[in-house]
Each structure stands twice: as C-alpha cells, then as structure tokens.
Amino acid sequence: MEGIVALAIGVLTGSGVWLLLRPRTFQVILGLSLISYAVNLFIFTTGGLRTGAAPILEPGTAGSLADYADPTPQALVLTAIVISFATTALFLVVLLAARGLTGTDHVDGRERNQ
Amino acid sequence: MPQTMPDALLPLVVGLPFAAAIVAGFLSTHARGAAALLAGAVAVVDVVLIWVAYPTVAGGGVLLFELEWMPALGLNFVLRMDGFAWLFAGLVAAIGALIVLYARYYMSPEDPVPRFFSFLLAFMGSMTGMVLSGNLIQLAFFWELTSLFSFLLIGYWYHTAQARDGARMALTVTAAGGLCLFAGVLVLGHIVGSYELDRVLASGEHIRAHPLYLTALILILLGALTKSAQFPFHFWLPHAMAAPTPVSAYLHSATLVKAGVFLMARFWPALAGTEAWFWIVGTAGVTTLLIGAYVAIFQHDLKGLLAYSTISHLGLITLLLGLNSEVGLVAAVFHAMNHATFKASLFMAAGIIDHETGTRDIRRLSGLHRFMPFTARLAMVAAAAMAGVPLLNGFLSKEMFFAEALRAPTSHLLIHDLIPVGAVLASAFSVTYSLRFIHGAFFGPDPVDLPRVPREPPSWMRFPVEILVLACIIVGILPAATVGPFLDTAIRSILGEATPQYSLEVWHGLSQPLLMSVVALIGGVALYLALQRHLLKGVEGAPLIRRLDARRIFDRTMVFLSWRLARTLEGVLGTRRLQPQLRLMLCVAALAGLCAVYVRGLGPGNLFPAPPDPALALVWAVGIACAIGAAWKAKFHRLAALILLGVAGLVTCVTFVWFSAPDLALTQLLVEVVTTVLLLLGLRWLPKRFEVGRPPEPRVYTLARHLTDLAIAVIAGVGMAALAFAVMTRTPPELLAQHFLARAYTEGGGTNVVNVILVDFRGFDTLGEITVLGVVALTVFALLRRFRPAADSIELPEQQRDQLAYDAAHPRQTDGETVSDWLLVPSLITRVLFPVIWVIALFLLLRGHDLPGGGFVAGLTAAVALILQYLIGGTRWIEDRLTVQPLRWMGIGLLIATTTGLAAWLFGRPFLTSYFDYLELPLFGTVPLASALFFDIGVFALVIGAATLMLIALAHQSVRGHRVAQASEEGQPTPPPRQAPALAGED
Numbered sequence: 001m002e003g004i005v006a007l008a009i010g011v012l013t014g015s016g017v018w019l020l021l022r023p024r025t026f027q028v029i030l031g032l033s034l035i036s037y038a039v040n041l042f043i044f045t046t047g048g049l050r051t052g053a054a055p056i057l058e059p060g061t062a063g064s065l066a067d068y069a070d071p072t073p074q075a076l077v078l079t080a081i082v083i084s085f086a087t088t089a090l091f092l093v094v095l096l097a098a099r100g101l102t103g104t105d106h107v108d109g110r111e112r113n114q
Numbered sequence: 001m002p003q004t005m006p007d008a009l010l011p012l013v014v015g016l017p018f019a020a021a022i023v024a025g026f027l028s029t030h031a032r033g034a035a036a037l038l039a040g041a042v043a044v045v046d047v048v049l050i051w052v053a054y055p056t057v058a059g060g061g062v063l064l065f066e067l068e069w070m071p072a073l074g075l076n077f078v079l080r081m082d083g084f085a086w087l088f089a090g091l092v093a094a095i096g097a098l099i100v101l102y103a104r105y106y107m108s109p110e111d112p113v114p115r116f117f118s119f120l121l122a123f124m125g126s127m128t129g130m131v132l133s134g135n136l137i138q139l140a141f142f143w144e145l146t147s148l149f150s151f152l153l154i155g156y157w158y159h160t161a162q163a164r165d166g167a168r169m170a171l172t173v174t175a176a177g178g179l180c181l182f183a184g185v186l187v188l189g190h191i192v193g194s195y196e197l198d199r200v201l202a203s204g205e206h207i208r209a210h211p212l213y214l215t216a217l218i219l220i221l222l223g224a225l226t227k228s229a230q231f232p233f234h235f236w237l238p239h240a241m242a243a244p245t246p247v248s249a250y251l252h253s254a255t256l257v258k259a260g261v262f263l264m265a266r267f268w269p270a271l272a273g274t275e276a277w278f279w280i281v282g283t284a285g286v287t288t289l290l291i292g293a294y295v296a297i298f299q300h301d302l303k304g305l306l307a308y309s310t311i312s313h314l315g316l317i318t319l320l321l322g323l324n325s326e327v328g329l330v331a332a333v334f335h336a337m338n339h340a341t342f343k344a345s346l347f348m349a350a351g352i353i354d355h356e357t358g359t360r361d362i363r364r365l366s367g368l369h370r371f372m373p374f375t376a377r378l379a380m381v382a383a384a385a386m387a388g389v390p391l392l393n394g395f396l397s398k399e400m401f402f403a404e405a406l407r408a409p410t411s412h413l414l415i416h417d418l419i420p421v422g423a424v425l426a427s428a429f430s431v432t433y434s435l436r437f438i439h440g441a442f443f444g445p446d447p448v449d450l451p452r453v454p455r456e457p458p459s460w461m462r463f464p465v466e467i468l469v470l471a472c473i474i475v476g477i478l479p480a481a482t483v484g485p486f487l488d489t490a491i492r493s494i495l496g497e498a499t500p501q502y503s504l505e506v507w508h509g510l511s512q513p514l515l516m517s518v519v520a521l522i523g524g525v526a527l528y529l530a531l532q533r534h535l536l537k538g539v540e541g542a543p544l545i546r547r548l549d550a551r552r553i554f555d556r557t558m559v560f561l562s563w564r565l566a567r568t569l570e571g572v573l574g575t576r577r578l579q580p581q582l583r584l585m586l587c588v589a590a591l592a593g594l595c596a597v598y599v600r601g602l603g604p605g606n607l608f609p610a611p612p613d614p615a616l617a618l619v620w621a622v623g624i625a626c627a628i629g630a631a632w633k634a635k636f637h638r639l640a641a642l643i644l645l646g647v648a649g650l651v652t653c654v655t656f657v658w659f660s661a662p663d664l665a666l667t668q669l670l671v672e673v674v675t676t677v678l679l680l681l682g683l684r685w686l687p688k689r690f691e692v693g694r695p696p697e698p699r700v701y702t703l704a705r706h707l708t709d710l711a712i713a714v715i716a717g718v719g720m721a722a723l724a725f726a727v728m729t730r731t732p733p734e735l736l737a738q739h740f741l742a743r744a745y746t747e748g749g750g751t752n753v754v755n756v757i758l759v760d761f762r763g764f765d766t767l768g769e770i771t772v773l774g775v776v777a778l779t780v781f782a783l784l785r786r787f788r789p790a791a792d793s794i795e796l797p798e799q800q801r802d803q804l805a806y807d808a809a810h811p812r813q814t815d816g817e818t819v820s821d822w823l824l825v826p827s828l829i830t831r832v833l834f835p836v837i838w839v840i841a842l843f844l845l846l847r848g849h850d851l852p853g854g855g856f857v858a859g860l861t862a863a864v865a866l867i868l869q870y871l872i873g874g875t876r877w878i879e880d881r882l883t884v885q886p887l888r889w890m891g892i893g894l895l896i897a898t899t900t901g902l903a904a905w906l907f908g909r910p911f912l913t914s915y916f917d918y919l920e921l922p923l924f925g926t927v928p929l930a931s932a933l934f935f936d937i938g939v940f941a942l943v944i945g946a947a948t949l950m951l952i953a954l955a956h957q958s959v960r961g962h963r964v965a966q967a968s969e970e971g972q973p974t975p976p977p978r979q980a981p982a983l984a985g986e987d
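First to last, the sequence lines map onto chains A and B. Position 63 of the first sequence, counted from 1, bears residue number 63 in this note's numbering, the numbering being contiguous throughout. Position 145 of the second sequence, counted from 1, bears residue number 145 in this note's numbering, the numbering being contiguous throughout.
Just so you know, these hints were derived from the structure itself, not from any lab. Misleading hints may appear alongside valid ones.
[Unchecked claim] For the chain A half of the interface with chain B, some residues (derived, Cβ under 7 Å), not all of them: (1) Glu2; (2) Thr46; (3) Leu49; (4) Val77; (5) Phe85; (6) Leu90; (7) Leu96; (8) Arg99.
[What the hints assert, rightly or not] Here chain B is said to cover these stretches of chain A; the calculated rule only asks that three of the stretch's residues, wherever they fall, bring their Cβ under 8 Å from a Cβ of chain B: (9) 5-17; (10) 55-66.
Idealized CB from N, CA, C, for every residue including glycine.
Required output: the full structure, derived from the provided sequences and hints.
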C-alpha cells in the first residue's frame, strides 16, 4: 500500500519537475499543479495511511489516535490545496499578461533564437 | 561593592528623545519653532533626569533597569548607569540642549526643520541608549542606530551631492565598523559566557588569557576606531562636514565620534593592559594625532580645519587610552570632556561666521573682529583652549597628556623617546591651526566681496557658545573644584579600587610637561609665521602627503566592489533565463536533500508496509499514466494535457477518500473543477503550436538538454518516492494528533476534527490563509484590468460557424438568432441546478463543524454554481440577470471572520477564542451553536468572493477581446452591441 502511494508521489514529482524545466509557460503551470499534488499527498502521508478511520468523532466523546486518523496533516493540506489553487490562478494571469505584452509564451518573454 | 538600585529613570532618559522624535516627525514642515521647543524641552528634561541620578552614582552606586527580552537565551534589555555612563549621558544631553537652541536660529525657515529635529532627537536617544546599555548586544544595536541617524543627519540637505556622498561614506565606514563591533561583542560574550556588561567587565583576567582574545579585540577596535575616525578610517569625517553646522557641532564634539572613545574606555578593564592593545590602539592614536594636526593646518574651510583638528584630538585621546596606564585613562576621559566643550563652541562659531557672511573659506574671510567683536572673542578663547593655552581647560588635559607621554610604558627605547617628541610636535601643530583659524577669520584687513555683510548673530544663537566658553574658562582656572568630583566619579566607576592618584592642579611647578607646553606654544607660533607665505598662496591640500588621499582609495574600492566586481560576477554567474535558474535551484534542492540523507541515513523503517490493494493499484496505474501523459503532451496538445492533469487530480482525490480524509477529498475535487475551468479559460490566448517546423538549433543540443532535464526529473521523483516511503514506514509522531483528537469535541464542540482545527484551534492560521487568498484574488483582478489580451488563437466552433452561415443564407433569419440557442438544453439544466447547488453549499457549510464540509468547501461549491452559469449562459447573459459582487463578498467575509475573532475580546478572552453551546429551538430540537460557525461563514464568503473574482475577471477578458474584435469585424455571434454590465469596481 505504502509502495503504491510512494510510487505515485514519485511519478507526480518527476513529471512536475520535468514540466517545470520546459520553456513554455503552459507547461510550467501544469508542472506546478502536478508538484502540488505530490507535495500535498506527501504531507498527508506523514500522518500515516489509515483506512476507515476518518477523524469524525462520535458526538460527546474525546477521540484518540487508536480509532482515528491523524487530523493535523489533513488540516494543513486542506489549506494548502486552496492556496495552491490561488497561486495557479495568479500564475495563469501572469502568464496571460506576459503573453499579451511580449507576444510569446516562452518563460523568458522571448524566443530562444531571438 | 556597588549596590544596584533599580530605577525607572533610565527608560525615560532613553525613551523620551525617541518618542519626541516621532512626534517631531509628524509636525508640519515649517513648524520650526514648535519642533525646536519640543526638542529643547526633551533635552532639558533629560539633563534634569540625569542630574537627579547623580547622588546615586556619586556614592559608587549603579542605576539598573531590566526588562526581560529573551529570557530563554539569558538576554535582557538592560539600562545601566554608573559614573562613567552618567558623565557621557550628561554630556550628550547637555550639549544636545545647547545645540537645539543654536539650531533653532541656524536653520533656515525654508528648510523642513521638524525633520531635522526629529533626526537629532532620535540620534540623541540612540547615543544615550548606547552609553547606558548594560548588555553587549543591545550596545551594538544602539551603536548601529547612531550610525543610521548620523547618516540621516549628515545627509539632511540631500539635494546636494556633497551631502549625499558624505552621508553615504560615513554610513559605509561606521556601519561596517559597527558590524565588526557586533561580531566582536559576540566573541566577547562567548568568551565570558554572558552578554551582561557587569559580568564582562569583571572578567578581564579571563578574557585576556583566552585564545580568542585577539579576535575579539581586533573586531571591537575596528568598531571603535572607525567610529572615532582614527587613521586609516579617518577620511569619512571631513566629508561629513556637508551636514548643517549644528549637526557637525554635535556629532563631532560630544557624541558620534566620542562613541568610539567611550567604547574603548568602557571596555578598558576587560580588554586593555596587553601588548596588543598598546600596539593597535597606541599606533592608531599617534598616527591620527600627527596626521590630523598636520593636515588641519592646510585646510581653507573653517569646518574642514575643525574636522581635521577633531581627528587629531581623537587621536590624542586614543593614544592616551592605548598607553595602558590608569592616569592615561583619567587624562583621556578628561580630554574627551574638554574637547567636547571647546570643539562644540568652535563649530558653532564657524557656523555663525558661515551664517552671517555666507562663506567659510579662510582665504576670503578677514578682519571679522570689527564686525562681530563678541563672537570673535568667544572663538578666540575656545581656540586658545584647543591650542592648550594655560588657564583654559585644554591646557590641563594636555599637561596630563605630556606627563603620560613621558612615562609611556614600553621597553622599546626608540618608541619611548618618540612619543614625547610626537606629542610636542602635534601640540605645536594644534597651536598653528588654532592661530590660523583666529588670525585668518578675525584679523587682517576688512573682508572684500563677501556674499553677505557680516554682523553679530542673534544673541540667543550666541548663547550656547557663551555657555561653553565660560565652561572652558572656569574649568581651566578651577578644575578641582568644578569638574573634579564628576571626573572622579566616572574614573572610579571604571577602575574601582585601581583608581590612581592624580592631581587636577593648574600649577604643577616648573616641570617637564610645562616645558613641553612652552616649546609647543612657541614652536606653533613660529611655524604659523613661517608658513604664512605658503598659506596665502591658497593651494589645496597638505604638502608632502597630498597624494595620500584615503578618500580616493575608498571611492575606488567602492566602485570596484559595487560595480566592477558585481558586474563581473553577474556576467559569470548570472543569467536572465528562467530555465537555467530553475535547473540550478532544483539541483541545489536535490543536493540538500541528499546531504541530509547522507548525514542522518535513511534506513528501513519500523513499520511493515500493508499489502497493496489491487483496486488502488489500478486507480494509480491510471493516475501515473495520466501524470506522465500530461508531462508528455503539455507542449503541443494543451487540452489533452489539461484533461490528463484533471485525471491525476481526481486520482489524488480518490486517494484522500481511501485513506480517511473526506474533507481533503471534497476540497480537492472542487478545486480541481475550478482550476480546470480557469485553465480552460486561459487556453484561448495561447499561441497555436504544431509539431512541425525547423528546429532553431541543432538537434544534439536539444537532446542534451532534454536528457539533463529528464535526469533531474527522475532524481527528484525517485528521491521523493524514497522519502515518502521512508516516512510512511515509520511510526508517525502523535503529539499534536492526540491533542487535537482529544479536545475537538470537549473543547471545540465539533466532531469533524479537521474543521475544528481550521476554525478553532488554528483559527489564526486560517485567518491568515484567507487573507492571502483575498490578496491573490485582488492581484489577479488588478493585473487583468491592466492587461490587454493577445489576439484569440482559437476560431469559433464549427457548429457556431455553420449556424451563422445558416442565418446569413436565410433572409428570414436575423444574424445570430440561431446561435443564441446554442447549448439550450444544458443551459436550462444548469439554471435549474443553480439553487440546488447553493443549497448543497449551505448544507456543507452548516454541517462542517461535525461532518465533512466547512467554509472552504462550501465556498468553492457556491463558486462552482456561479461559474457554471457563466460557462453555459455566457458572460453577458448571466450578468444581465445576476449581479455578482465578488469584492463585497470578500470584504464581508474577511470582516465576519475578524469580527468573530475580536468578539472574544469582549469576554476578556484572547483573539479568536471560540465559544459553543447547545440551543433549544422549538421544532428543531437541540441545535449546536458554536462561534466557530460564524468564523466559518466568513471563510465561506471570502472563498466565494475570491474564486468568482478570479474567474469572472478572466471571463471578462473574452468580452473585452470581442469588443476589440468587433470594431474591425462584423457578424460576431454575440448579441447586438451593448455596454457589457460592469463587474463591480471595473472601469
């Protein structure tokens, strides 16, 4: 089980890094999205992989780690997901503005041979 | 044993000038009188407060004020006043008060005078803070503050290049010295094991025997010598003369340059008494003494002459400190006081001359004593004190200096003989330049061609000079009765039991020092007469060492460092291209990760991995294929890549569900939807790209680059996979988990622990998070308002083109009639769904505290409902029918969240403390009611606002794009031209 998730994180990271190093802005934005999946998954897994133990308590009781998954990484990742959405949006707009200003979608604002 | 007596006096003494500086900064630009009154009042209050402290320090007591700063590190904010600190604090405040009075008349009403007084007060505060610091780090901090405020004061007339350059040079030299001092006190603190001044001063033996002693000594002396303008760092001081004269009078008499001297005397018990101290401090002192005095003779600017004379006198004090004798220390402190009085008055006199005649050039000035007799007499007395004429205070300390020079404690005979010779020579020089100052300015024929007709200044402007000159005379005649006790208090606080016998008498009999004084006086006068012809020629610079210009060396070094070296380094190491930068960054990150693994090791974990579930394996087989596919296709098949990315996101979402994180899955799902819509909206402005075409460079380069990138990507992927596996096969730390799980219901009143963490335990983080979200949304909005989109790269869909062609072909059809029914069925369905989705959103919001849901998820859901309408109905159609005001949503959301937090204050609880209870409602029964719900409502509103603001702003670009296109082309599929309803706040 852990192996699958680790492999998934690895592939997401690898694909993301590859895209991050490409010259076109759209590739970079997809790369960042892939990396954010990987990072979110990674942070999430630091609490351990638990099935059927969602941290939703029985009313009126105090929970314990024996019965429920660790909620801390989940809370961290939840806000991280929202913030990564915001940065993607920001980056997209910067990308479009750069494209409008420079007439190219190269990350440097000009083609390599120019 | 001095008894410590905590006293609230000290923070007042240090704090008042700073507080007044802030007030003065807010006065109106031309409030000269008010600012001067404020500054004067503060200075006088400081003098009184310091005076009140005298009885305590005179009895050998120490005033102490402590505030805990970082108790864990043993660092406290300590103000400490003993006799020595008292003396300097008194000088700073008293001369400060006189300077304020003088500056009130000196500064022109056209200048922004409150700014001047604001800086002056802040400088006074920093200086007082420095002398009263009882902690080494705090001392270094105030030290740097004095550098900073002296920079601002010297550069006060920043419209002149001279002031800017002078200020920058002073800051560069003194602040660099200050950094050395900081490093030095850190080493010193390390040696002693404490940063408390008391501890440091008491551990002199230990410090001097420590192997790091020399390091600490050199670093601290670098700080002191740069500040006190000692050779070879003296060059900044003459250039600082571009400052208004009150600043020069203050900084270069009693305060800034004396800080270095103060520091050396302060650390005397801890650092002095070694060969290294004698050689470094003594050499710097004697060189500065001679060079300063020599160069001063040949200055034509009155202030320049005084500047070099200041350098020379500072050299004298430094030399005295370097002699390693207790009486030398007494003489040094005494001369520091005397120098402060006569030099401040001379600077002020030079300022009066400048103010009343319009020039400070000795070559143009002449015979002024007929026009300003009173000022002339004051200046003559002060200059005589500077020259060391008997019955004035300068004579006394100079006598002590001669006596000490004769007793220099060194085994080298040559040095032993040279020091007295140097002392007499420098003394003769000082007689010469004092004569030049007086004779050049006040005697000779009437001046011709002056910018202004000279006259006496306003009497209040002369008043500070009178006070200081009076002090010179009284101290000069009755030293033991006037300053004797204060000097004694100061010396005792430094030396304690080791205080030597010394005598403050005017007449010591026909002694060797007296003979030296006479020789110096006669020699000085003779030298002045001999140099008359040379000086009248008016040549710039001192003969013999004219080429030795430290300023030029400094300038060249600065040019080299800040320009040539920087450009070379940028050329060699820098690039403006993003890809190499990212490549480098990733490599460094990978390397850092590998180093960590190398150091700590990454052995097998203690948990055995669970057997893989085939279902999840299958899901991830798809996910992995999609991720790789997205990477593969992102260049030429953007839409396909986007879809593949979406699948990878969905698979991530499934993983969250699988491993007990329903909240994450919900959020991920919704974010996925919104992100995809966003990127889809952006696609239309990207240029078309096809897989054909001649490559712009040889294939081999492309291949090499691709292989490198692939290697980096594989390393990153493998590294992350290994790291993730290692983390997952170890028992996770449970500290926080247990804490949150146990308290979520009992103290937070909710069963959904993740939500309780977000809105309650870590509510402050969430508040920050939604603020960031709001800021990003506003940035997107602002960027898009400015941005002109590139031309659309996508044609109309084929179906729409066919429909338009149909309209055109049939005369009964009006243009665009068919196309307005485009996607009729889906749009009807989404319209019906709109309220349904909103109900779901509200449901998710309300149940968030107990079940998966919450403000983030609900907000995104509601935003999706709106976006769907935009997608299907089109921007115009929807905005005709619905007014969305994302900015208001955001504002209200942030307001609700913050108000909920603030409400806790009403109940005397800390910010964002939550409250919950159960409410009995008819029909509904018991309803849980937590204040966290209101916070979540705030989050909800902000997320709706931010998400829709970004998406709508982007959607509007298409409308603007169409508007541009419409002007040139007829027959667009859009409805007849009509002003598009404006987005709230859009232009």
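Each hint, compared with the structure:
no., hint, result
1, Glu2, "4 Å, holds"
2, Thr46, "6 Å, holds"
3, Leu49, "5 Å, holds"
4, Val77, "6 Å, holds"
5, Phe85, "5 Å, holds"
6, Leu90, "5 Å, holds"
7, Leu96, "5 Å, holds"
8, Arg99, "5 Å, holds"
9, 5-17, "holds (count 13)"
10, 55-66, "holds (count 11)"
Figure legend: structure checked against the earlier numbered hints; every hint is met.
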